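S.K.: Residues per chain are reported as follows:
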Amino acid sequence: MRLIDIVKERESRMVVPLAGYTGRKLTGTTIKENLFCVDAYLKTIEALVREYKPDAIFPFMDVVVESYALGMKTIYPDDDSPYLKEHPIKTLHDIQKYEIPDPDKDGRMFIYLELSKRLKNDVGKDTLIGMYVDGPFTLASQFMNAQELALKTIDDPNLVKGVLDFATEVVIRYGKALERARVDMVMILDPFCNIVSPRTFSNLIQPFIQKIVKSTGIITILHVCGNANHLIELMAESCADGLSLDAPCDLKDAASRVPADTVLMGNISPVDVMLRGDEKKVKNKVKALLESMKGVRNFILSTGCECPPETPHSNLRAFMDMGRSGV
Amino acid sequence: MDNIEALRENLIAGKADEVRKNVEEALSLGLSAQTILNEGLMKAMDVVGKRFKANEIYVPEVLVAARAMHAGMDVLKPLFVKQGVKKIGKIVIGTVSGDLHDIGKNLVAVMMEGAGFEVVDLGVDVSSEKFADAVREEKPTFLGMSALLTTTMLSMPKVIDTLKETGLRDKVKVIIGGAPVSREFAKEIGADGYADDARSAVEIARELM
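For the record, the sequence lines run as chains H and S.
According to our numbering, the stretch in the first sequence is residues 380 to 706, in order.
According to our numbering, the stretch in the second sequence is residues 174 to 382, in order.
Derived from the structure by calculation, the hints contain no laboratory data.
A couple of the hints might just be wrong.
Simulated coverage check for chain H against chain S, where a stretch passes if three residues somewhere in it have a Cβ under 8 Å from a Cβ of chain S [unchecked claim]:
| # | segment |
| --- | --- |
| 1 | 518 to 532 |
| 2 | 572 to 580 |
| 3 | 648 to 655 |
Listing some non-contacts, in silico: residues in chain S with all C-beta distances to chain H over 10 Å [to be verified]:
| # | residue |
| --- | --- |
| 4 | S201 |
| 5 | E212 |
| 6 | K260 |
| 7 | G262 |
| 8 | E302 |
Predicted model only: the values in this text are computed from it and were never measured.
Glycine included, C-beta positions come from ideal geometry on N, C-alpha and C.
Starting from the given sequences, assemble the full structure and let the hints guide the process.
M.R.: Next comes the structure, spelled out in structure tokens:
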């Protein structure tokens, strides 16, 4: 089933905050404890489902799962998001040192496969199960030093293509395993795309995103956070079922720029509103967004990106309450 | 001035080798380092900054232009001492503790340099103490802090606290920026300025001078 069909068949607006990390406060665990233990992780994500009853649930926005599965050195702070310690790829030759990870056994991918199966079984009747994969350019920005990668888009596009091609194969294999684990949707996280021009996105990156989208039979959502206003039409051309856009994007304007069957998700600010605002501010911002998107059928209320781990639960409650209020 | 015109065009196009040659030619034609800097490199970087702010060019294009500017600067630097080129101010800059993301910080550094400021780049993951030490030693006009993560941005008020504790707060103007940072946050933590992109950093600095 396509995302647009799911959205249209619901009587009320779908509400899907991206707030996986906040769940660990509900279970009194740390981020690291969840990332390495599927039992703990399952309890945390199910606690979020019970507490907020969102229409779809996503886990932590854990963007190093693919790189870690490749054996790249990764730092895991106790209660913060993990990050890469090294960016080992400098040449096309360097890629040959790596093999496409086997999701069943390399790194922590199996945790997400198991998490998907168990979430689907436990809460999948009423909640769509979503998982994240990295987008090719963002994964490439972990393989290579990010600034170097940005420069190479101009100096050496062939190198970038080679790295993107490898990243794409990694993501496709992982995505297929998630599909077999019965997830309903995959969100392709490609935040680093917001630094490139529409031309570079179109020529260099978009074909690889399209390849990922076409490789899977399940729902795909493309997420580019920050200011992606200059890429919206091109993101829609990636053929993903949905686009997840951040607070700097104008969603109402985006709705006029994408096909009516491309679902838009967004875009309450995770920092200014969800983390640093109070309940009143959250409700006002959600209300204003819902009012501006009135009549736009292809829209899911969400946050612009993952809510920071310290986001108050009272703000998430306010987000859900206003989202469900029927405005 | 045809040579300076070519220099500007080559810098904007990110042609580092051409810019180096243009600078050498300009010197051989008798132009001063100050003139080449002001009329060539700085004016070109100003165009780059404006185009970036107007979304006509993006980060990679700015990075190649910055590299071209540095190629030109490298030729001029030995002459700065001899000819006494004046900088309009000094900025100490770095990403805050725990944050390794430096593209934004690097863009600000290059824009500031291109606008005639002396830049002291402390790099990434800079502790409060290191920022304070640099303020004490370098006596900059500005302290620039950058963060990409919602967690690391919370180091910014800590740096400001350290500046207060060490009696340095009123000696420097603090400008902050980075994806999760906002004007509101800057106000809340008592920063003097907020820059939402690299070009704005230059504008804010000029306003605060």
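S.K.: Residue count check for the segment 572 to 580 of chain H against chain S: does it reach three with CB-CB under 8 Å?
M.R.: Satisfied; 4 residues make the cut.
S.K.: Since E302 (chain S) was said not to touch the interface, does its Cβ keep a gap of more than 10 Å from each Cβ of chain H?
M.R.: With a cut-off of 10 Å, E302 (chain S) remains clear of chain H, as the shortest Cβ separation is near 21 Å.
S.K.: Would you check whether the claim that S201 (chain S) is not at the interface survives, using Cβ distances to chain H and the 10 Å cut-off?
M.R.: Check passes; 29 Å lies beyond 10 Å.
S.K.: Please verify the coverage claim for the segment 518 to 532 of chain H: does it have three or more residues whose C-beta sits within 8 Å of some C-beta in chain S?
M.R.: holds (count 5)
S.K.: For G262 (chain S), is the shortest CB-to-CB distance to chain H above 10 Å, so the non-interface label stands?
M.R.: holds (25 Å)
S.K.: At 10 Å, judged by beta carbons, does E212 (chain S) keep clear of chain H as stated?
M.R.: Holds, because the least Cβ-Cβ distance between E212 (chain S) and chain H comes to about 26 Å, which exceeds 10 Å.
S.K.: Would you check chain S against the segment 648 to 655 of chain H, counting CB to CB pairs closer than 8 Å, and say if three or more residues qualify?
M.R.: It holds, with 5 qualifying residues against the three required.
S.K.: Taking 10 Å as the cut and beta carbons as the points, is K260 (chain S) off the interface with chain H?
M.R.: holds (25 Å)
Violated hints are absent here; each numbered hint is respected by the structure.
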